[in-house]
Each structure stands twice: as structure tokens, then as C-alpha cells.
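Q: Sequence:
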Amino acid sequence: MPRFSLRAAAAVLLTLTALNVPAAHADEVTPVAVTVNARAALATVPETGIGSNHAIWDTNLGTNETADLLKDAGVKLLRYPGGSYSDIYHWATHTAPGGYVAPNTDFDTFMRGVRRTGAQAMVTANYGTGTADEAAAWVRQANLTKGYGIKYWEIGNENYGNGHYGAAWEADDHADKSPAEYARHVVTYADAMKAVDPTIKIGAVLTTAANWPDGIVADGDDGTWNKVVLSIAGPKIDFVILHWYPGALDKAAHVPDMIQLTRQQIAKYAGPGSERIGMAMTEFNTGSSSGGTTTQPGALAAADAYATLLANGVFSVDWWNVHNGIGTVSQVEGQTDYGDFGLLSSATCTSDGSVCEPQLNAPFAPYYALQMMSKFARPGDQFIRAATGQAKVTAHAARRPDGDLAVLLINTSSDTSYPVTIGYSGFSPASGAPTVLTHTNGATSIIGSTGGSATSQTLPPLSMTTIVLHPSTPQTGRPGTPGQPTAADVTDRTATISWPAASPGARPIAKYEVHRQNGAISEQLGETTGTSLTVSNLRPGTRYTLNVIARDTGGGVSWASPPLTFTTGTPASSSCTVRLTVQSDWASGYVGAIDITNNGAPINGWTLAFTWPRTWQSLGSGWNATWTQDGPDVKAVNEPGNGSLPAGASTAIGFVGNYSGPNVLPGVFTLNGTVCTTR
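The sequence shown begins at 6 in my numbering and counts up one residue at a time.
Be aware that a few hints might be false.
To be verified - 30 Å max Cα-Cα, derived DSS-like pairs, lysine-lysine:
no. : residue 1 : residue 2
1   : K273      : K182
2   : K232      : K273
3   : K199      : K232
To be verified - Here are the in silico distance ranges between beta carbons for each label pair:
no. : residue 1 : residue 2 : range
4   : P102      : I526      : 51 to 59 Å
5   : P479      : I526      : 46 to 54 Å
6   : K516      : S454      : 36 to 44 Å
Read the hints as simulated data drawn from the structure, not as lab findings.
Note that the structure is a prediction, hence the values are computed from the model and not measured.
Glycine included, every Cβ here is placed at the ideal spot set by N, Cα and C.
Given the sequences, and given the hints that come with them, work out the whole structure.
A: This is the structure:
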């Protein structure tokens with residue numbers, strides 16, 4: 006969590022005239038094309054998706070007014086006792102040595118607020134200064150004595166911040182501060198806590214991709230924090246914990262790789278059955294005082310991030326914090342930004358008293374982002390792909406069990422109203438004006454109306470807009486949804502996809518279709534009357550996301566299956582072999598060593614080429630070759646002394662790679678134009 010004392014969030018109390026922003030010069034603005042694809046399904050919206058953090062230093066933690074505001078925002082999970090305080094908090098005595106504990110913030114008070122909100126609780130057990138026995142006693146008190154039925158229990162908070170990697174903000178009384186020691190204690194905690202209540206879920210702290218200290222291997226460790234923790238504690242945990250403060254308002258594009266890299270680590274290190282392990286973002290905030298923490302730009306970034314995280318399968322995203330307190334005050338997009346990381350105002354003032362926040366519990370702009378999310382994507386809805394042709398406009402979509410479809414459109418432009426034209430694939434909207442929900446810069450509520458059409462809307466500057474559509478025809482009698490697909494026998498060019506059969510609707514199922522997600526466009530890879538299909542003509546080293554749909558004898562189509570993501574390999578045999586090894590990493594760059602082996606005829610002069618997978622990656626420097634970069638493409642040409650590679654010979658080269666987002670390593674290398682086997 007941010008290292009601040011009590012700080013709060015505020016609502017910008019302006020008149021509703023801001024909601025009537027005209028579509029200024031709309032006739033001069035090229036309409037933005039929005040594509041919504043119901044055949045490209047993503048994750049299902051979880052019950053606990055919209056969450057927030059409470060903290061025991063917040064005097065208003067347990068008030069009815071706070072609980073009612075959170076309920077109105079659609080908050081479904083509340084975390085306690087508050088970030089780094091978790092590692093100094095002792096629940097039985099309601100004390101936090103070295104910290105401030107506000108009155109009326111004890112566990113029972115917290116739970117009264119949780120129940121009034123209509124949410125679930127997530128509790129963080131004290132790892133830093135506590136014991137497994139203390140945590141087990143808390144489970145007993147909560148679930149056996151009180152009957153609270155708390156399902157989710159974390160072990161510690163940001164425990165990599167205990168000084169092991171240099172920076173120390175998290176309390177940790179253990180002499181050994183390594184990830185191995187933390188993991189061993191996670192096992193002990195899990196055993197003790199589940200002995201009391203076997204139904205609970207245990208979470209372990211991981212680092213977030215491309216965020217310090219991710220990728221760093223400290224002296225004496227067998228790997229990164231994540232590798233060590235998952236290797237030891239993986240069999241005992243049920244979910245992993247990520248925190249993300251991106252520090253900028255345009256980082257939602259990092260999310261798919263962030264989550265996919267974490268999934269790959271879980272699969273690689275956590276042992277058999279690791280697919281059961283879920284993922285929670287238990288602290289999130291835009292973390293950008295300059296860009297607006299309490300004003301509309303921060304709210305738009307929050308809505309975009311929440312939608313992207315949940316669509317990628319995170320089961321809870323928890324805002325930091327309900328109340329937090331005033332920070333650096335600035336003017337952002339015509340509004341006062343209080344530099345506060347909270348959802349609701351704490352009514353605090355700057356140290357000199359020159360600026361004070363609005364009245365207590367006034368909602369800040371990010372509050373409305375959570376409220377809009379809860380109206381757009383409800384538990385049980387299924388996210389589907391949506392995309393736009395304008396960088397200033399982002400789109401998300403979700404399909405509802407009753408057949409309705411909701412589209413969330415975000416306009417981040419400060420001064421342009423964008424007309425949008427919306428095209429649908431796999432969904433036919435009913436005629437007539439849809440329901441429209443809008444929140445604009447400075448507004449103090451979300452306004453509902455009926456206007457525009459399913460295919461045409463105009464987005465005010467700095468706005469969030471949700472449109473809710475009915476299907477043109479009844480959805481009854483369609484086939485059921487195919488089950489979760491799996492991939493087997495994945496090579497560089499082929500993969501065998503299998504799935505559980507769908508239940509028939511009013512008519513027999515005629516066939517299944519396998520579709521690849523290509524952005525918001527679906528590409529059909531094949532079809533079959535069975536429940537398995539080998540897809541061909543794939544590209545080496547490429548990540549694929551697929552869905553399966555069932556089609557009946559009358560042409561009725563099912564919902565798309567849950568998504569399957571896999572990555573193809575490189576040729577099993579080739580005239581060349583390449584091995585890339587990361588020798589060191591500092592969370593924004595790394596040293597890569599490449600070994601090249603010639604498996605074919607003698608070579609006199611060679612060029613190794615690869616392409617950076619992401620725009621935020623670049624070449625810093627290189628050695629033992631002449632290195633160049635052109636756009637995303639990198640080439641390494643032999644030096645005079647290592648250009649000759651007889652059959653079976655190898656040579657070693659190296660480079661420094663820079664990155665400012667999740668570091669997906671290049672996986673396909675060519676030597677003189679031939680795709681090599683990557684080891």
C-alpha cells in the first residue's frame with residue numbers, strides 16, 4: 006500500500022450541468038469504430054470482483070454511512086485490517102504496536118460493516134510480527150465462534166518489502182527474511198488455519214510483473230521471490246496476491262501480460278493441480294497524483310483497469326483505500342485534485358490548513374468508476390472482446406445470462422466529444438434506443454437515460470458511458486455453453502483442442518466451431534461434430550486465445566466457451582538451436598545471454614534476428630556481435646572473429662534488454678532466415 010498516514014478520498018461536488026456537455030464539433034470529428042465480439046469470450050464476472058480496502062486507522066471504518074456508500078458503489082469484497090498494518094496487528098487485543106488504531110475499528114465492527122455493505126471479507130493474517138497459532142485462533146473466532154464464514158485469508162502483506170531486497174517498509178521480526186522463510190511459514194500457517202476450518206482459502210504474496218522487486222534474485226536465494234514462494238508453498242495455497250500501483254493512467258494494456266506471466270509462473274513452479282490457484286489484486290490504485298487520484302482521469306483509468314483485470318480472470322480487485330487522507334493538492338482538468346488515494350473524503354486538510362477536502366464521505370471520482378463497473382459487469386456476466394479505432398476511446402463489453410449485452414465506453418480526451426459507431430459480431434441488438442448510463446468530468450452521480458442507438462452514441466469528453474442492449478430475438482432454446490477447453494500436443498504449428506460437450510437446447514447440436522481471438526475479431530480455425538479438434542497452420546512462438554461455440558441443427562449458437570490461452574513452441578528439430586538465459590534482472594531491464602548452435606552445414610557469416618513481443622521493450626546494448634534495432638526488430642550480425650560456425654559448433658552473444666511493462670521474452674529466433682529450435 007502507499008506509505009502514508011490517514012488520507013481520504015473526496016467527491017468533486019459540482020453541478021449536474023457537467024452532464025450536459027454538448028457534442029462539440031461532433032460533425033468535424035471522425036466517428037470512432039467500436040467492435041464488439043460476442044464469440045470472443047473472456048472471464049466470467051466473479052461475485053467478489055469489485056473490492057476495496059479498509060484500515061484500522063480509519064475512524065469511519067465501521068459507520069453505517071460508509072457501509073451504505075460502499076453498497077451503493079457495488080462493492081462486494083472488503084479487506085482488513087489495512088495493508089502494512091496487517092503485519093503489526095494483533096486481532097485478539099486490537100492493537101498494532103508502532104501504529105495508530107482508531108476507536109471502533111475492531112474485527113466485529115468491521116464485520117458489521119461488511120454485512121451491511123452486502124460484501125464478503127478478506128482478512129490478512131499477521132506474518133511480520135505474528136504466529137500461525139494467532140492466525141488459526143482468528144479463524145476459529147471468525148468462523149466457528151462468530152459464524153462469519155470468512156473464506157479468503159492472506160498470509161502477510163507485501164512481505165518482499167522487509168529489507169531482503171534493500172527497501173524495508175514491511176514489519177518482519179523473522180531473522181531470516183528470504184522468500185524461502187516466508188514460504189515455509191505460509192505452509193505452517195495454512196496447515197494451522199485449515200485444521201480449524203478446512204473450507205477457507207489461503208493466499209500467498211507474490212510480486213507483480215515488471216514491478217519491483219519482480220525478477221530480482223537476492224544473494225543466497227534459489228530464484229526470484231515468486232519462484233521460491235511458489236515452489237515451496239504452491240501445494241498449500243489457493244490463491245496468489247498481487248498489488249499494483251502503476252503510477253500512470255494508461256497502463257491497462259500491461260494487464261494481459263501481467264496476468265499471463267503470473268499464470269505461467271504458477272503452472273511452472275506450484276506443482277500438480279496448480280490450475281486451482283486463483284489470483285487476487287488485493288491492492289490497486291492508479292497511484293498518479295499528477296494525473297489525478299480524486300478527479301476524472303483517475304476514475305477513467307480505474308474503470309479501464311478494473312474491467313481489464315476482471316476480464317483476464319482476477320477474482321477480486323480491491324481499491325486502496327476507502328478513506329486515506331489529503332495529499333498533494335493540484336488542479337486537474339478544471340477540478341481540485343486532493344492527492345488522496347481513497348474513495349471517500351476524510352475531510353482532512355493540508356498541514357497549513359490552506360486547503361481542506363469536501364465534507365466527510367463525499368465520493369471522489371474513482372468511487373463512480375467502481376459504481377459504473379458494478380452496473381456494467383454484474384456477477385455471472387461474461388466479458389467479451391471489444392476494441393476501438395481511437396487511442397482516446399477504450400471499450401469493454403459483457404454478455405448477461407438473460408441474453409442482454411452491456412458495453413462500457415471510456416473517452417479520455419479532455420476536449421473532444423467522440424461519436425462512435427458500434428458493430429457487433431455474434432449478437433444482434435434490438436431496435437430502439439438503449440439504456441445509457443453516463444458519468445462526466447466533475448459530476449456527482451451517474452445519470453441514466455435512453456438515447457442514441459445500439460450502433461451510434463456520442464461520448465462527452467472525460468466520460469464513462471455504459472449502454473445496455475436487449476437481443477433482437479429471444480435467447481431460449483439455444484445450445485448450452487461448451488466447457489473449458491484444454492490444449493494438448495502443442496507444437497510449433499499444431500495443437501489439439503478438447504472440451505466438454507455442451508448440453509443441447511431445443512434442437513440437437515450439429516457441430517462445434519473453434520475460434521481464435523485476434524483482437525476483437527474472431528478467426529475460425531476449424532469445426533467438428535466431436536469434442537476435439539487438431540488445429541494447424543499456427544505460427545511458432547505465438548500466444549493464442551481460443552473459444553469454442555456450439556451450433557445446433559437450426560443454426561442456433563451457444564455462448565462462447567471460457568477462453569483457452571496457450572503458446573506454440575518452436576520446431577522440434579532445426580538446422581540451428583538458440584538458448585536465451587536471463588543472467589540478471591533489475592525489474593526494468595535484464596542481461597540476456599544467447600547461445601547459438603549450428604546443427605546443419607557449416608556457416609560462414611550469420612545473422613540472428615528476433616522481434617520484441619511488446620512495444621515497451623528495447624535493446625540497450627549488446628556484445629560479441631554487431632547489434633541493431635529497427636522498430637521492434639532486432640538483429641545481431643557476427644563479428645569478424647566468430648562468423649564461422651562449423652557443423653555442431655556454438656557461439657555465445659549477449660545483450661541488455663530494457664522494459665517498462667511485463668517482460669515477455671522473445672521466443673522465436675531465426676539464423677540466416679531459418680527458424681531455430683529454442684531451448
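Q: Between K232 and K273, is the straight-line Cα distance small enough, at 30 Å or below?
A: holds, 9 Å
Q: Does the alpha-carbon distance linking K273 and K182 stay inside the 30 Å limit?
A: Judged against 30 Å, a Cα distance of about 24 Å means the pair holds.
Q: I want to verify a distance hint. Is the separation of the beta carbons of K516 and S454 within 36 to 44 Å?
A: At 42 Å between Cβs, range holds.
Q: Between P102 and I526, does the beta-carbon spacing fit 51 to 59 Å?
A: Cβ of P102 to Cβ of I526: about 57 Å, so the range 51 to 59 Å holds.
Q: If you draw a straight line from the CA of K199 to the CA of K232, is it 30 Å or shorter?
A: holds, 24 Å
Q: Indicate whether the distance between the beta carbons of P479 and I526 respects the range 46 to 54 Å.
A: Violated - the Cβ-Cβ distance for P479 and I526, about 27 Å, lies outside 46 to 54 Å.
The structure is inconsistent with hint 5 alone, although it conforms to all the rest.
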